[in-house]
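Q: Next come the chains, spelled out residue by residue.
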Amino acid sequence: MDFVILSIVLLAIGVYGLLTQRHLLKVFISIELVATAATLNFVMLASSLSREVGEAFLILAFSTDTCVSAVILALLVIVSRKYGTTDISKLGEPEEEATEVDV
Amino acid sequence: MLLELVSAGVVIAACLAIFLDEAVYSVAALAGALMLTSLLYALNGAIYVAVFQFAVGIGTVAVLFLSGETLSEKPSTKTQPRQLIVLSVLGALLSLPAFFLSVSQQNGSTYSVPFGEALWSYRALDVVLQGLVVMTVALGIAIVLYRKKKISKGV
Numbered sequence: 264m265d266f267v268i269l270s271i272v273l274l275a276i277g278v279y280g281l282l283t284q285r286h287l288l289k290v291f292i293s294i295e296l297v298a299t300a301a302t303l304n305f306v307m308l309a310s311s312l313s314r315e316v317g318e319a320f321l322i323l324a325f326s327t328d329t330c331v332s333a334v335i336l337a338l339l340v341i342v343s344r345k346y347g348t349t350d351i352s353k354l355g356e357p358e359e360e361a362t363e364v365d366v
Numbered sequence: 007m008l009l010e011l012v013s014a015g016v017v018i019a020a021c022l023a024i025f026l027d028e029a030v031y032s033v034a035a036l037a038g039a040l041m042l043t044s045l046l047y048a049l050n051g052a053i054y055v056a057v058f059q060f061a062v063g064i065g066t067v068a069v070l071f072l073s074g075e076t077l078s079e080k081p082s083t084k085t086q087p088r089q090l091i092v093l094s095v096l097g098a099l100l101s102l103p104a105f106f107l108s109v110s111q112q113n114g115s116t117y118s119v120p121f122g123e124a125l126w127s128y129r130a131l132d133v134v135l136q137g138l139v140v141m142t143v144a145l146g147i148a149i150v151l152y153r154k155k156k157i158s159k160g161v
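Chains as they are written, first to last, in the working numbering: chain A, 264 to 366; chain B, 7 to 161.
Check each hint, because a few of them may be wrong.
[Said to hold, decoys possible] According to the in silico footprint, chain B covers these stretches of chain A (three or more CB under 8 Å from chain B):
id	region
1	281-288
2	294-305
3	320-327
4	330-339
Note that these hints are calculated values from the structure, not bench results.
Glycine residues also receive a C-beta, built at the ideal position from the N, C-alpha and C atoms.
Chain A on its own, in the form it takes in the complex (with noise of 0.2 Å):
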């Protein structure tokens, strides 16, 4: 079960760049991140356990998972070109406060 430290190690990085940064690049990357390290657990478990049918959904699970990149890149297109600011710490400040562009 050595690779779920290494997951684990993956996961960690992931929610620490979810918790400190505030570029949404960035936040989108950790996400990133976390994807991978819960699929590497994924992959490892079922591969030593010799069934190929957690790899079979892992293939579910891959499609999902770009599904989720997608929607998330596109939330944050839109957000950016809104707020006119790629930062989340300046997202919460009142609208008339940002620097509005129309989408």
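Fit chain B to the supplied structure of chain A, relying on the hints for placement.
A: Just chain B now, kept in the frame of chain A:
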């Protein structure tokens, strides 16, 4: 030994992706992390998953490069080589637990159920999940279009 090196590479690339200042460099590091993860899968015998991870990773990185280039401003200070070295050392230190727990002791998979059969047996779940994803995306698009229409009517 190769597995340990690849594992350390994944952790180092993840650290670089999070902590580098410039967004494009972060995306490049994420690309490295995803490719090394794909290599890790292949080395463990999960070839199909490795191929899918590679394809999905390439697509994600291509889109992220485009959005990273257009959305982010250039930072005032350039990335120093010292910062790169410090981050690499940090990543190597973080990957030490995986080293000491001997990653290479795990064997490759011996398939008990054929891959195609497993996919075919669970096709109903596949259809339900894909339907859910498509419905969610459609709902999101409908909301965005409705909001856009409302804004254009208001103007």
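Q: A separate judgement is required for each hint: does it hold in the structure or not?
A: Evaluated hints:
1. 281-288: n = 4 at 8 Å, threshold three: holds.
2. 294-305: holds (count 5)
3. 320-327: holds (count 7)
4. 330-339: holds (count 7)
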